[in-house]
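Construct the entire structure; sequences and hints are all you get.
Going by the working numbering, the first residue of the first sequence is number 793, and it counts up by one from there.
Take the hints with a grain of salt, since some may be wrong.
[Unchecked claim] Taking lysine-lysine pairs in the DSSO-like style, the calculated list, with each CA pair at most 27 Å apart, reads:
hint	residue 1	residue 2
1	K1328	K1289
2	K1300	K1286
3	K1289	K1278
4	K1209	K1278
5	K1209	K1290
6	K1300	K1289
7	K1328	K1300
8	K1278	K1290
9	K1149	K1084
10	K1076	K1089
11	K947	K986
12	K1328	K1286
13	K1087	K1149
14	K986	K933
15	K1076	K1149
Worth flagging that the hints you see were computed from the coordinates, not collected in a lab.
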Amino acid sequence: MLDRAVVDALFPSDLPEPSFWEEQYPPRQLPEGAKVTRLGPSPTGFLHIGGLYVGMIDRDVASQSGGAYIVRVEDTDQAREVPGAVDQFNRAFAYFGIEPDEADSVGSYGPYHQSQREQIYLTYVRELLRQDKAYLCFATKEELADITARQQATKLPTGYYGRWAIWRDKTAEEVQEALDAGRPYVVRFRSPGKAGERTSFTDAIRGQLEHEANRNDVVILKASDQSPRLPTYHFAHAVDDHLMRVNLVIRGEEWISSVPTHLQLFDALGFERVEYAHIAPLMKQQGGSRRKLSKRKDPEASVEYFIEAGYPAEAVKFYMRGLVNARLADLPLSEALEAPISLSECGVAGPLVDLVKLEDIAADHVATLSGPEIIERISAWASTYDPALVSVLSDERDSALAALQVERGPEVANPRKDLRKWSDFRAAYGFFFPSLFELVTDRTDERLGGLSPELISAFAADFADGYADLEDGQEWFGQIRELAGKHGFAPNPKEFKKNPDAYPGSIKEAAQLIRVALTGSNRSPDLHAIARTLGKDEVLRRVRALAG
RNA sequence: GGCGUGUUCGUCUAGUGGUCAGGACGCUGGACUCUCAAUCCGGAAACACGGGUUCGAUCCCCGUACGCGCUACCA
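Structure below.
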């Protein structure tokens, strides 16, 4: 055991005592059962969709219990830090309306960046050292690698424990000698775990869990030759969550294995243990198997992906809530967003992120919005991701409204579901704006369905020549029907199916020619409505272009 | 390797010691549309495997397989 003087000499002389911090961050005055939760994103890139997922649960559980939700940036791995990441996080949280009660600028339990909490960590490291619950370890990278290699060779569990913990029982003289030589060191926790011992704990989602006790003398403070001196996740978790008075730690299930270590740390520090809830991670289909969504390999693992594409935040939240608590997926969207999440109802398996289902949900949701609402949302999105579209929408707002008015609005029983995300707008409605529309002139274009160019040309020319901008939908469509007959199309799909060789196609295919000419797409709102909105001149311009 | 954790239609899941194992997305057939989509109706589609316990097991127990995670001075 080191002399207290030796220990203290390792730290700044004005380093506060634990009692100082305890007073600085007193227990919260909160109602019975209030949960204080926190998310600890690591600023190593974009926010992972899993982070948003867990943050949403944190936010919800804290709110419904009258507690608080904290975002604490876990930037203790400075080598992997990416500049600007924190701003990205904040934008993402804002987009989805999952904002913390306490973070950088708000809250009295900060600072909320771990890199700014060095003094706090050092206080508690010194305390552990004074009590001999931690010790200095001067092992080099090579020695550590050698230990691991030997353990693997003899099929022993790897780690720094028992006889492998070479610095655990060094004498004060030996330590002093290393110190005098100026060798860098880390501080390790002196684990009280014994071989064969087991620990069990309760997880709010999974119930009783059992694990062999930790025996590893984990590193709690990183290398002494770095500044600032930062703790490892394990130690920061114990110190921060205690001092921030967090009482429910919701995190990914990859932490389950570390709980025994965390429990030992809380006990050694004299902190009250916290409750844990381990969430199953979001997965991704990969060939026949599945794996965790990876920030590096999967674009959709990044929250930015959803923001950039313009998925409505409510739809994404609704989808995610359904994954958290399947019960919520059966509720109408607005109710599901209000209904409380229940930890005990969380799945334990790890769901695959199904973008197709998300899109279905998003389409349903956008269909409930009014034209003006949609334009507003698209404009907000486009201001960042499609600036050109912003000016089109404001310069030609009437066209935009008219376009979105087609088959949409309160008087329509089955509104169109052709918008899933804001970036769909150009493809689905761009043709309403002359400035965004590109004439279809290539009669071999595959959108036209493979009809002969001559037929297409003749049909389009005929249509344009006799075109009347009729107000009645049936009469208007009568023009297509008549021409279809004249050019040899079957009067209806059934007839065509019965005798496919006798016709180039049916009225369907004929109508598609006009659809593609007018909209550039195989899918569009009602043709008559489009033609009326576009106006006769524009209709003729587009159809003539196809005629050649 | 060790430890942990998980496994109901393709996907998200509901569910119980006796159910025709339910729903949703997707897929698919049809209806409605003399046009796209939407909508409506129908269909195919699952209890990982092997042992127990039991009159009976998808459900309880034990194994096996497979997935995932941890085993870092990464979180």
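Structure-based check of each hint:
no.: 1; hint: K1328 to K1289; verdict: violated (34 Å)
no.: 2; hint: K1300 to K1286; verdict: holds (11 Å)
no.: 3; hint: K1289 to K1278; verdict: holds (19 Å)
no.: 4; hint: K1209 to K1278; verdict: violated (34 Å)
no.: 5; hint: K1209 to K1290; verdict: violated (32 Å)
no.: 6; hint: K1300 to K1289; verdict: holds (12 Å)
no.: 7; hint: K1328 to K1300; verdict: holds (22 Å)
no.: 8; hint: K1278 to K1290; verdict: holds (19 Å)
no.: 9; hint: K1149 to K1084; verdict: holds (19 Å)
no.: 10; hint: K1076 to K1089; verdict: holds (10 Å)
no.: 11; hint: K947 to K986; verdict: holds (19 Å)
no.: 12; hint: K1328 to K1286; verdict: violated (32 Å)
no.: 13; hint: K1087 to K1149; verdict: holds (21 Å)
no.: 14; hint: K986 to K933; verdict: holds (26 Å)
no.: 15; hint: K1076 to K1149; verdict: holds (14 Å)
Violated hints for the displayed structure, listed by number in ascending order: 1, 4, 5 and 12.
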